[in-house]
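This is what each chain is made of:
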Amino acid sequence: MADLRNTFAGIKSPNPFWLASAPPTDKAYNVHRAFEAGWGGVVWKTLGEDGPPIVNVNGPRYGALLTPDRRMLGFNNIELITDRPLSVNLDEIREVKRAWPDRALVVSLMVPCTETAWREILARVEDTGADGVELNFGCPHGMSERGMGSAVGQVPEYVEMVTAWCKQHSRMPVIVKLTPNISDIRKPAAAAKAGGADAVSLINTINSIIGVDPVTLQMSPATGGMGTHGGYCGPAVKPIALAMVAEIGRTPETAGLPVSGIGGVAGWRDALDYLALGATNVQVCTAAMAFGFKIVQEMIDGLSDYMDEMGFATTAAFQGRALSSVTDWQYLNLEAVSKAVIDQDKCIQCGRCHIACEDTSHQAISAVKDGRRLFEVKEDECVGCNLCVTVCPVPDCITLRTLSPGEVDRRTGKPLSAQPADWTTHPNNPMRKAA
Amino acid sequence: MADAAAPNAAASAAAAIDRALAAATPADVAAGRRSPEALAAAIADAAPRLARGQALVEAERCLYCWDAPCQQACPTGIDVPGFIRRIADDNLRGAARTILSANPFGGTCARACPTEVLCEQVCVRNLQQGKPVEIGRLQRYATDAVMSRPVTALFSRAAATGRRIAVVGAGPAGLTCAFELARRGHEVVVHDLRDLPGGLNEYGLATYKMAGDFAQAEAAWLLGIGGIGWQPGWELETAAQLAELRASFDAVYLAVGLAGTHRLGIDGESLHGVHDAVAFIATLRQAKTPEALARLAVGRRVVVIGGGMTAVDVAVQSRLLGAERVDIVYRRGPEKMGASAAEREWAQKNGVTIHFGLAPLAIDGHGGHASAVRFLPHPGGGDAVRFEADQVFKAIGQKLDESVLASSGLTLLDGRVVTDANGHTGVPHLYAGGDCRAGGRDLTVEAVEDGKRAAAAIHQELLP
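These protein sequence lines map, in sequence, to chains A and Y. The opening residue of the first sequence carries number 1 in the numbering used here; numbering runs sequentially from there. The opening residue of the second sequence carries number 1001 in the numbering used here; numbering runs sequentially from there.
Please note that the accuracy of each hint is not assured.
What the hints assert, rightly or not - Chain Y residues, not near chain A, derived (Cβ > 12 Å throughout): (1) Gly1053; (2) Arg1061; (3) Cys1062; (4) Asp1067; (5) Ala1145; (6) Glu1235; (7) Arg1332; (8) Pro1379.
As the list claims (entries may be wrong) - Residues from chain A shown here face chain Y by an in silico Cβ test under 10 Å; the list is partial: (9) Thr67; (10) Arg70; (11) Pro214; (12) Ala367; (13) Arg373; (14) Pro393; (15) Val394.
For the record, the hints were derived by calculation from the structure and aren't laboratory data. On a predicted model such as this, the values are computed, not experimentally measured, just so you know. Glycine included, C-beta positions come from ideal geometry on N, C-alpha and C.
Isolated chain Y (complex conformation) (with noise of 0.2 Å):
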């Protein structure tokens, strides 16, 4: 009998080796957690475009306000029910018009925007109906409607005027500006650190937000317009680059973002499997095939410190990638998170789970890399809350490069560039808006509004 029991005491001992082994395993990181099938539909369109039909029932529910307060909402001051009305009226093009001339992203604010707290938030019919006119996604039927075809469908340009102006940084901000310099009849050249334009519409939104490869659509169309040159792998390192470009433009407009990230300053930053999400997600960004997806790894259990934009958006990525189990772990409460109610919804209905009032006290690690992140209640403490974490994404926000900046004469408030409403930095023809300038809510709307006051007053400046 003892012959027959001892095999069972072995597999008995087996299991617990495995047990431990399995609880002291490196980190579950790996690829191809979902086939590319499956890939494909999950960054499919967050919200699809309207078909004609619901988009004429949509329209139809907008009052055309008098002095409406969705414009006033606007960062860029879009004629909303002008635009819902051209709808309305099957004027797509007009629709188009109006919206693109206010803001010429207007394609990827419909997609990107957070509405419900811009003009959707401050629609009559919340009022009335509880439900405002959805007018991102009827931004995004007008919008769309004119891709096909050259921008010089709807704008022209201005007769040469013989104007040069560097602008740095091919993000919203810095497009925008070159956009309607270039309206204007300037020359412009866009230089940037990647290799391709729309800054982070390209490499930092989500993919479903972002579906079809719409950044790299949208910057072509833009660049349609003419007289923008495009300097690529061009990276802003010195006062003398900046003073040479002062030197031989005639003027300035830096856009450069914010490149930089913040650290959390505690132990286990540098362990393997700990991550920056904004670099997470370009990468993410530029695998632009469901194949070129499926090749990411992501974790089985990911953590996610953060709680703005970046946070949801790394974290419902890293599901839909998927990752099994994705925390979001804010320091603060909700009324405080950077994320809209509708983005930490989008986030919840992806599977992330999001915990408040926890500031992040280490992270532990195993053989090198992540296997945990403990944190502490805040404020007051208490005890110690551990999340078993495979990967870690820190998204606790971004910073400029100061360097440069500072010894090029520019004036900074809390890290970034001071500028006057029109961009102006006090030094003469430098110009700065988007994310890199003091004031703003690093929304890609009111990058765009800052680089069109930008092209204005730098067209005023060069021709009085």
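Excised from the complex, chain A in its bound form (with noise of 0.2 Å):
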């Protein structure tokens, strides 16, 4: 059995597999059911300052895009931070660290943007021997229209001055949590490393709105017949997720920033991809909202088999090793050539991948040959775009065979080189550099 063991932020945890802070981690009751299920780490549901606690809708808090089965690709919430009095969350805290002292425990922290408010709450909470703080800068409804939230993180100065406010007020590991709803998050996160956080997590919630009833013709989930835009989380978000984990890691300015990544996880291969673009561990919300804290341990057996399977002793042993193959477009080979091709025994002749390629893309696939239905590939017009594996309803029957070097390209008639070639050189390129 794979080492499944990490240290995130310098915080030690059994496994990579933290809950987010959110609602199943918003008191002592939730989150020693999450430990005694397996999970290595939680981050306590945000807290907010001293005082009257906030307050939520006692409508509709969530809504989703779902499958006609009702599989849940997408998943919408406007639930504020926690709506429970400070000391009540500080004293749980407490005693489930205590309980709990080999599992991670990260509290989450959001209050005004003022050193004052930063650094009362950070002395109750590492009074309460917790392991770290998570600066919530990602909330993108409620709070960030009180100047929280992703108002904050949205201003890399902001994230930067409030981060370092934390380091100096505190002694415990400061992990910045960003939001997607930026154009580049390359720049709050450059900020977070400059104001000194010992680490950064992503992706916080995406603004988003489910739909509309098609009846009342409101927008939906409405609550007393309004509604507003919530935060994206779920499956659907997670490819937005890891580009941004890969921008981190692959650019100068913040590469080594650990990572916690957030954003679709719902099984250990969600794991895997984050791990493989830089980040340290993952964390899980809207997969345990969906099925239940127990999902952590397939998470687990599906993450140790696979190293066992590949020979990893560590998630070190592959933490990262995917980085290397992100690049920007004009770096791509552009002599690196694929074709599809269809494996007639898998073929069940539903046509998808001709239609889609007739109307879409190429022309490049046939449909009937001596009169018969039969699905080809014609070489010279394909252009290996990848469209019809992705339509293709029975896993590896279409895939594509990368041409080797010498070997002629039917549809330019050309052989390939051995020497790679991007644009940057291309004859096509106006700002072409010299070969």
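Using the hints, put the two standalone chains together into the complex.
Below, the structure is given as structure tokens:
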């Protein structure tokens, strides 16, 4: 069994699967259950400053993008930070940490943008014995209207300033949670690093409206006839989050900054994606809210079995391994040519590849041969775009074959060079560099 | 001691007499073998309507194939991926319109089509998952959803054309033709021998396929399009009648089905207790309540001769009425059987035994009533096999009453009317379709397609 022990921003946990700051981590009852199920760590649902607790709506707080068989593709929420008194939360955090010394317990925080406010709450959190704090600069709904959450995360200067206060007024590791509602994730990540952050976590949720009720023509879900945009998460956001995680990992200014990957982790494969693109651990919420805490057991098992199969003793063995395969478009090798290949033994004759290619791409898959329904790739038309692979309902029925150097691309009639050649030197590029 | 023995001897003798009497007892054909409550459950929907959740999940299995094999396999060419996608999209009205515009009897076909040898047989999911999309059940889900609203919520009539067409036969072919012509603005009068419209939908299909008096509900729904007159109790008996129709209407569509039945041509065929399966099913279908069904007499032991859907329908319904033992005996092998594998499985699931390779030899009688049927192995012969029977059903196919038609100038082939692909008979303004037309497979869905094509052709001829 592979060793899944994890150290993130100096915080140890028995595995890299943490529950993200969210409703599942709002109180001791849930967190005890989560740790009993096997979660490696928990980021306690965001605490606000002392005083009258915030209030939530008492109508729908959640909405979802579902498949017809009601599997959750995306999840939307308008819950605010904890609506329980600060002292109750702090007492429970202390109690839980004492009961589960081997698990990571990080506390998410969101207070007004003043040094005093941050200093005061940091002291009280540190007193609980919690392992660290995560600065919630991400929530895009509700709290952002009050100048907190993503309102801070969208201004790199604020990110740096608050991070610096936290480092100054606390001995705890500081994780800065980033909002994706920004055009360039590298800016707030760099600001967090400049402020002294021990790590960043991303992504928080994305501004979202699930839809419109077709009868009332009100946005949905609505409370009292009105709705507001929420924060979007779940499987649908994972590709967005992965791109941001990779950007941070491959940008010299932010490379090496520990990353906790968040967004759409529902299984070990998702965790692998994040880790291979440079994250040290992952945080999960939607999948737990959909299926309960037990799913961490399948995640742990799956990752461990994968690592055994691959011969990885620890997650460090493959962490960040995929980063070097991420580059800018201009550096892609234009001499690497692929062609679709249809395995006729696997083909079920649905014709989806044909119609997708015929209507929307390169007319490179024929449908009839000798009067018979048969789908074949026309190599002289195929550009290797992968559309047919993605629409084919049968796994591994259509694959891409990369042509060997010297082989003639039947579309262009030219033999392929063994020498990679990209856009920077391409003759059609008016800005090309000399080869 | 002798005194003591005497009653025993007498009892023993009496028992022997009872046994002898029982062996020779006239056939046990009785009503009320099952309670109305048990019958109500027995004749309930064989495949109930899918619930919304089931329909959505099943609809999701459809791959939306290009040039979909299911659509090609459907004699009426229903855009199957299109209607299934509309179900998944929560557009049941659109799904139903897609189905019914290709096949007005989409509701009956969803229940009665042998989908396992049509659309579902060619579903690509068979290759991938060993199980087709349940197209028939999805079709029912969609069509049922619109039956509570008038047909005019989906289809409208074109402006009146002033043309009048006579349709003879109110089965699927005739009513489809009438409906399609009415939609185009023509006036139609449908003539039929029976009291109720629907043809075999009303008088021929098994009860559990058409639960809830669906045939009448569907016919009434379709007739709601307007412009269709209904002439029941009208039987085509003379060439003069047909000539008169041709004289008083702009066109005539013959969809008379196959009203006659074949004879076995063996001894004992006229004994009491020997019935045409189609007649028995018609009677059964008109017993529209469990109480009425309980009044139908059925044999304790039933033998069905034949191998088509009718054989299965009569056999299973005999079982449901309470027959203890039902045997279907077919002359040839399973591969030649008209009833599909799914139909055979349905029969077996309902306790019917199917025997192959046995040709009927004679029906034995007792006191003028059938008591057994003897068969010879076929082909090849051998020792006769005997099945005890209180009731015998002949389900060996129907035929056309040719006399009127032949004398009306129609060409007949193998006992059916020859037409072109659009149903034109070659006699001016005279069209024919459905089971009476040569070249079909006697399927409801083919009859519908015949009616649809003929309506288009008649319209084209009358209003070029």
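Hints, one by one, checked against the model:
1. Consistency note on Gly1053 (chain Y): stated as away from chain A, yet its beta-carbon is not over 12 Å from all of that chain's, at 8 Å minimum.
2. At roughly 9 Å, the least C-beta separation between Arg1061 (chain Y) and chain A is not larger than 12 Å, which violates its mark as non-interface.
3. Consistency note on Cys1062 (chain Y): stated as away from chain A, yet its beta-carbon is not over 12 Å from all of that chain's, at 10 Å minimum.
4. For Asp1067 (chain Y), the condition that its CB be more than 12 Å from all CB atoms of chain A is violated, with the nearest at approximately 6 Å.
5. Listed as outside the interface, Ala1145 (chain Y) is consistent with that label: its C-beta sits roughly 16 Å from the nearest C-beta of chain A, beyond the 12 Å cut-off.
6. Under the 12 Å C-beta cut-off, the non-interface status given to Glu1235 (chain Y) relative to chain A holds; the minimum distance is some 47 Å.
7. With a closest Cβ-Cβ approach of about 32 Å to chain A, Arg1332 (chain Y) is found to remain outside the 12 Å limit, as its non-interface label requires.
8. Distance to chain A confirms Pro1379 (chain Y) as a non-interface residue, since its nearest Cβ pair spans about 36 Å, more than 12 Å.
9. Taking 10 Å as the C-beta cut-off, the interface hint given for Thr67 (chain A) holds, the closest approach to chain Y being about 7 Å.
10. Because the smallest distance between the Cβ of Arg70 (chain A) and any Cβ of chain Y comes to about 8 Å, under 10 Å, the interface hint for this residue holds.
11. The interface hint given for Pro214 (chain A) holds, since its Cβ lies 8 Å from the closest Cβ of chain Y, which is under the 10 Å cut-off.
12. Interface restraint check for Ala367 (chain A): the shortest CB-CB distance to chain Y comes to about 7 Å, inside 10 Å, so the restraint holds.
13. At its closest, the beta carbon of Arg373 (chain A) sits 8 Å from a beta carbon of chain Y; the interface hint therefore holds under the 10 Å criterion.
14. Of the supplied interface hints, the one on Pro393 (chain A) holds, with its beta-carbon coming within about 5 Å of a beta-carbon of chain Y, less than 10 Å.
15. Hint status for Val394 (chain A) relative to chain Y: holds, with the closest Cβ pair at about 6 Å, below 10 Å.
Violated hints for the displayed structure, listed by number in ascending order: 1, 2, 3 and 4.
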